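2 protein chains.
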Amino acid sequence: MSDTLRLGIAGLGTVGVGVVRIIRQQAALLEARTGHKISISAVSARSKNKDRGITLSDYAWEEDPVALATRDDVDLFVELMGGEDGPAKDATEAALKAGKDVVTANKAMLAIHGQALAELAEAEGRAIRYEAAVAGGIPVIKTLMEGLAGNEIKRVMGVMNGSCNYILTRMENSGKTYQEIFAEADGLGYLEADPQLDVGGIDAAHKLAILSAIAFGARVDFDGIQLEGIERVSIEDIRAAADMGYKIKLLGVAQMSGRGLEQRMQPCLVPDTSPLGQLDGGTNMVVLEGDAVGQIVLRGAGAGEGPTASAVMADVCDIARGLRGPVFGQPATSLVAAKSALSKMPAPYYLRMTLVDKPGVLAKIATVLGEAGVSIYRMRQYEHDDSSAPVLIVTHKTTQTDIEAAIAAMDGTGVLAGAPVALRIEEV
Amino acid sequence: MSDTLRLGIAGLGTVGVGVVRIIRQQAALLEARTGHKISISAVSARSKNKDRGITLSDYAWEEDPVALATRDDVDLFVELMGGEDGPAKDATEAALKAGKDVVTANKAMLAIHGQALAELAEAEGRAIRYEAAVAGGIPVIKTLMEGLAGNEIKRVMGVMNGSCNYILTRMENSGKTYQEIFAEADGLGYLEADPQLDVGGIDAAHKLAILSAIAFGARVDFDGIQLEGIERVSIEDIRAAADMGYKIKLLGVAQMSGRGLEQRMQPCLVPDTSPLGQLDGGTNMVVLEGDAVGQIVLRGAGAGEGPTASAVMADVCDIARGLRGPVFGQPATSLVAAKSALSKMPAPYYLRMTLVDKPGVLAKIATVLGEAGVSIYRMRQYEHDDSSAPVLIVTHKTTQTDIEAAIAAMDGTGVLAGAPVALRIEEV
Chain A
686 MSDTLRLGIA GLGTVGVGVV RIIRQQAALL EARTGHKISI SAVSARSKNK DRGITLSDYA
746 WEEDPVALAT RDDVDLFVEL MGGEDGPAKD ATEAALKAGK DVVTANKAML AIHGQALAEL
806 AEAEGRAIRY EAAVAGGIPV IKTLMEGLAG NEIKRVMGVM NGSCNYILTR MENSGKTYQE
866 IFAEADGLGY LEADPQLDVG GIDAAHKLAI LSAIAFGARV DFDGIQLEGI ERVSIEDIRA
926 AADMGYKIKL LGVAQMSGRG LEQRMQPCLV PDTSPLGQLD GGTNMVVLEG DAVGQIVLRG
986 AGAGEGPTAS AVMADVCDIA RGLRGPVFGQ PATSLVAAKS ALSKMPAPYY LRMTLVDKPG
1046 VLAKIATVLG EAGVSIYRMR QYEHDDSSAP VLIVTHKTTQ TDIEAAIAAM DGTGVLAGAP
1106 VALRIEEV
Chain B
686 MSDTLRLGIA GLGTVGVGVV RIIRQQAALL EARTGHKISI SAVSARSKNK DRGITLSDYA
746 WEEDPVALAT RDDVDLFVEL MGGEDGPAKD ATEAALKAGK DVVTANKAML AIHGQALAEL
806 AEAEGRAIRY EAAVAGGIPV IKTLMEGLAG NEIKRVMGVM NGSCNYILTR MENSGKTYQE
866 IFAEADGLGY LEADPQLDVG GIDAAHKLAI LSAIAFGARV DFDGIQLEGI ERVSIEDIRA
926 AADMGYKIKL LGVAQMSGRG LEQRMQPCLV PDTSPLGQLD GGTNMVVLEG DAVGQIVLRG
986 AGAGEGPTAS AVMADVCDIA RGLRGPVFGQ PATSLVAAKS ALSKMPAPYY LRMTLVDKPG
1046 VLAKIATVLG EAGVSIYRMR QYEHDDSSAP VLIVTHKTTQ TDIEAAIAAM DGTGVLAGAP
1106 VALRIEEV
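Chains as they are written, first to last, in the numbering used here: chain A, 686 to 1113; chain B, 686 to 1113.
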């Protein structure tokens, strides 16, 4: 690298514009901190003439991101287009093969093609850095890969989709249903063009898959994630959970044990006094647990122009400073295909049932649970006017398999006035 | 560096023992993550024969840390002795002059001699890394210097002395006085040999001085910190603050503006619903604010064998990976001596007064405040049995100078039944 690190930026949406702004406005600061000038040689986006509020005339324009990525005057290809395949992946591969480093914010591409891209990058002696791909402005990749490098990581947890956390917080504060708040959030432009990426948990699961690979030295395994979105979370459950001292969060959890790697992205209950329980609105939080460090909690904006551009620039500065380590923290060829341990880690569960109001029904439920090996830690039956009785149970630690067996057995007892709801309680 | 990074470790207290343990137990993990074996060539400590629960016979023993630091078979000198001068500084300088990199947990040495040591290191082309010097296991140095490298930092805040936060939390939960809880904490071994380092705020101020230098590209300036410990915090103020919706924390704040650099370490009120307000017990929290990223909050253990050793090992791994940037994030010779802007940043204040119980006294206080340019945001007078009336005021934003002038003026009115207490409210 010469004294100047020359960038080619593909994708000029919110994040791309933020990156261009920082490079223009903070030139002196960036040079002082990295020892190198950081310049932009060329840019590429879908529409050349859209008004983005920034001046692009100083930079060459490329229609084709592959052409951009392979230009002679580009040292570092910054991929901000998104999409797991197509131009983003083509241009990333082309950049690596042309001897360029890559900085990307593309969680989908890394969650699906991370292993192949990491192998390519390392074979070419180049870096792929992706701080912006997970939890926006929070430097969680750096913290996990470098800041906790002396730790055997035990568990990684996170609320990593601000839109889902906004919806759940709004439901709680307003008492409105999921459908009402979803419509509100969609109207405010808070959701992806395909909202299923947000509320279906897919976006957050992409992030979890990436963190998991780094934390446990495992090949990124998006398909190994037990995935459930927030569509089934009802206002009744939010209220009932609150009454028992919990909040409902779309929580990603990855942990490794002798049983294998467990990765889950699903609505969970967390204690309302915990940092995760206190996280309201669109903010993100990641909890990292290491054998030496204990628990580290990181909180910050998970999206938006400034925060995401800040993360991209951290990677750009690292590349300028010569930091060019393995993509997932250790050589890609050494990453193991971890055995999946889906649903095997025991946890307490929350059960909400509506029972017919007849003598002996609670005893029947308790018997069914006992026979399934599920033991009751706390139980509440609420006053009620009609012929069905709302009952909440918090169990001792049990497995998803046992909970599912117990619920199946309840079906045969004739005491249920509606389908029971079971949600995992994550101990934090 | 050869394939192996060879360490010389001086200081085998809690942290040193933790580092030795990690290097012995996690050899394979460390090699996978850094691409290098990490070994220990020699160690040094005050007493050779003390039982530390670890095997030291594999390592050469040096009585003299300077001799250790300059051994031919040492690539990296790990300084865990502590103390701003004496052997720690001598050995650090000797190591740098002998072409060794240095990792240290020594906040006092860096807060006092950081500039000179940084200039020496950079002249020798060596690194000094010190993640463990600030907030224990929380990777705050890395986050600030690298993770937020694209940001102009606006403010850095932190609760960075776990012992003080423990004392304040215990006072609040038990209703006991500072003196009672201090004695309890001292008896439990929670305080430094010289407790003034903790309760006087000195230890936390060392940490703030280091963060400030990195955040603002300024020469480390410990003497420029407005410093007050927690000895004056009364149980009455903790109760009164809680009643107004605040917690009292020993809070470090550094911010740069056109007026200059303001650095304070003092008891402050923070909203009880904020992350800082919710931080109970011995945990540390650092809040970093950047122009692009907004607010990032980091939380974790600020002390103890595992967390501090985790931070030391992060630095060791970075050195193994070849990361060897300027000590304070930009070349030491480019750091500016920032103008000190002590007490100039306006803030709301909490005022607790005990007034004689006579007609017109509140009017007098209000008049005095008004004449000093201090305007009242909220006020509460409490019911009382005796001849003096407790009054709490939260002001609008004002300066320390104006608050002090107002308090001086109150003295002349004859309405005070005791000395007023003024505490800054930090907006978080």
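Just so you know, the hints here were simulated from the structure itself, not pulled from any lab data. Note that the structure is predicted; figures quoted are calculated from it, not measured. One thing to keep in mind: the hints can contain errors.
For identical chains, the list gives no copy identity; a pair is met inside one copy or between any two copies.
Simulated crosslink set (DSSO-like; lysine-lysine; CA at most 30 Å straight-line) [stated by the list, open to error]:
| no. | residue 1 | residue 2 |
| --- | --- | --- |
| 1 | Lys735 | Lys839 |
| 2 | Lys861 | Lys1029 |
| 3 | Lys722 | Lys1024 |
| 4 | Lys839 | Lys722 |
| 5 | Lys774 | Lys1029 |
| 6 | Lys722 | Lys1043 |
| 7 | Lys1049 | Lys774 |
Hints, one by one, checked against the model:
Taking the closest pair of Cα atoms, Lys735 and Lys839 never come within 30 Å of each other, the shortest separation being 47 Å inside a single copy and 32 Å across copies. In this homomeric assembly, Lys861 and Lys1029 never come within 30 Å of each other (Cα to Cα): the closest approach is 34 Å inside a single copy and 46 Å across copies. For the homomeric pair Lys722 and Lys1024, the shortest alpha-carbon distance between copies (28 Å) is at most 30 Å, but the shortest distance inside one copy (45 Å) is not. For a Cα distance limit of 30 Å, the shortest separation of Lys839 from Lys722 across copies, 23 Å, qualifies, whereas the shortest one inside one copy, 40 Å, does not.
For a Cα distance limit of 30 Å, the shortest separation of Lys774 from Lys1029 qualifies neither inside one copy, at 35 Å, nor across copies, at 52 Å. Neither within a single protomer nor between protomers do Lys722 and Lys1043 lie at most 30 Å apart by alpha-carbon distance, with minima of 77 Å and 69 Å respectively. Proximity of Lys1049 and Lys774 under a CA criterion of 30 Å is satisfied in neither setting, with 56 Å inside one chain copy and 72 Å between copies.
Hint compliance for this structure: hints 1, 2, 5, 6 and 7 are not met, and every other hint is.
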